[in-house]
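**Q** So you can see what is in the structure, the chains are spelled out below.
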Amino acid sequence: MYNPFSLEGKTILVTGASSGIGRATAIECSKLGASVVITGRNEERLNETFKSLEGDGHLQIVADLTKQDDIDRLVSQIDRLDGLVNNAGVGRNKPVGFIKMEDLDYVYQANVFSGILLTKALLKKKKINRGGSIVFTSSISSRLNSPGIAMYASSKAAITSYMRSCAVELGDKQIRSNAVLPGMVETKLITRGDYTEEDMNRDKELYALKRYGKPHEIAYAIIYLLSDASSWVTGTSLVVDGGRLLK
Amino acid sequence: MKTLDEFVELFAEQFDETDASEIQASTVFHNLDEWSSLIGLSLIAMVDEEFDVALKGDDVKNSVTVEDLYKRVISKL
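As given, the protein sequences belong to chains A and B, one line each in that order.
For what it's worth, our numbering labels the leading residue of the first sequence as 1, then goes sequentially.
For what it's worth, our numbering labels the leading residue of the second sequence as 1, then goes sequentially.
FYI, nobody ran anything at the bench for these hints, they're computed from the structure.
Keep in mind that the hints are not guaranteed to be accurate.
Think about it this way: if two alpha-carbon atoms lie no more than 20 Å apart in a straight line, the pair counts; the simulated SDA-like pairs of lysine to any residue are [stated by the list, open to error]:
| id | chain 1 | residue 1 | chain 2 | residue 2 |
| --- | --- | --- | --- | --- |
| 1 | A | Lys100 | B | Val53 |
| 2 | A | Lys188 | A | Tyr106 |
| 3 | B | Lys61 | A | Asn93 |
| 4 | A | Lys100 | B | Gln14 |
Predicted model, so just to flag it, every value in this text is computed and none were measured.
Extracted from the complex, chain B is given alone in its bound form (with noise of 0.2 Å):
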């Protein structure tokens, strides 16, 4: 299983612009300048891939951190 650091990296891979430094697990990501529906959608993907985890658009939404949406990426192996 993926850690937390793990998770908090693959995260960070999905933007471009936002320096990885800038995303941790207790970054609230929504507030993230970069932060958009088509990174939302490309989170779910690679959690697909990674996780073999289908997420909803409601996890996304209802996580505030980054350990937020691993806590229900975790929940739902």
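For reference, chain A alone in the conformation it holds in the complex (with noise of 0.2 Å):
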């Protein structure tokens, strides 16, 4: 069946698999024919997204990328990738006047350490083959702002700069790097609390569609990103956002 989208035959890295944007793209990667490696910090939910993939040949492995030996263990595991997708993230509001270093340890680290990090072990093991792709997944809070979002905006800010850098250094070798921003996306990131629904119900009204994403609309992105029939963009931000940048 014509598929410039397929993603068959090709093996594809998924971090923070456990929930959210990264399992909704790891199972979505195994629908279209890929071999996925995921992992995640949580053994019991990283395990839910392994059970729900497609087909055989996938791998699960818990990691937590914020602590090189699991970086190290990580790569060391994986044979060779085609696509790399930098997904692992977390968030943390905090008005400017109260944040600590703490705070900022807690985000940079898993937001944009991590997969700088983990990028930079893959490529000294020459595990990414010719061809591959690399998508990081940022956020359109690096393009606008709302109070609270400094350290989770300005952290997705420098993981999209870092994402031009390697588009940069690695088109040599043909390896693209690109970057999804989302909108607000139905994930726990944003349940969890720190907003209320009036809060939420009020933000909505700011995105043209008139509501938040759904994981699987911003993993649709990431594979564009993944296919061949992205083979000639390389440096990208692709916005996916319901229409929030558009105010």
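Take the two lone chains and join them into the complex the hints point to.
**A** Spelled out as structure tokens, the structure:
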């Protein structure tokens, strides 16, 4: 069957695959024919994702990517990759007047440093194939602002900028690097109680499509960037936000 | 443990335009002119720092007076 978005024959690593966008991405990748390697911190939830994968030849590796030992162990268990989805991330809301080193450490370790160090480890061991694709889950918060998101937004701006450096430096190897910038997506990151339902309903009015996204709607954008359909796309930031940035 | 009076003082510190004398234990804080979602976030961050308690957005939303919020903080200690 004709499908330029097929991932048949590709091996793809998805970080943060135990929930949300990472879980949806891993599942959709498997449905499009990829062999998927999933990683996450929570063994039980990672295993739930693993059980939802279609087809065979998948691998699950529990790892905390804020720890170098875990990155090394993960990389040693991987053969070769055609796709890397640097998706693992956390959120913490604080007004700028309250940010502490401990908060920065928590947010930047997970959202910035782990993705940079995992990418480095894979490149050093030459585990990303020629023609491979690296995708970062960024956020539209790196382009707009609302109270409290300083740490999260600046971390996503940092990883988006790093993505462009990868695009420039890895172009010779025909390795592409891109980011997806989602608006608010219905995942644990936003439903854990920082925002009241009233806040969220008001916020949804700022979206042209009047609703938040669903994890699989972001997964499809990531899949476009992983597939050969985007073979001439590198260094780009793909906004998937239901029209939020129009405001 | 911090007293209600101390909490009222910390609460008032999150405001710039509103005089501290306008904020008492019985103040219906959502009605203050300066009230905003940013001040709500500041309160959550202040409670995290001073009490090591993680309030949710709903805790702030569902509290009517300053004392209500103090009681919620204390109940989570």
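**Q** Hints first: check each against the structure and report whether it holds.
**A** Verification of the supplied hints:
no. : hint                : in the structure
1   : A:Lys100 x B:Val53  : holds, 16 Å
2   : A:Lys188 x A:Tyr106 : holds, 17 Å
3   : B:Lys61 x A:Asn93   : holds, 17 Å
4   : A:Lys100 x B:Gln14  : holds, 17 Å
Of the numbered hints given earlier, the model fails none.
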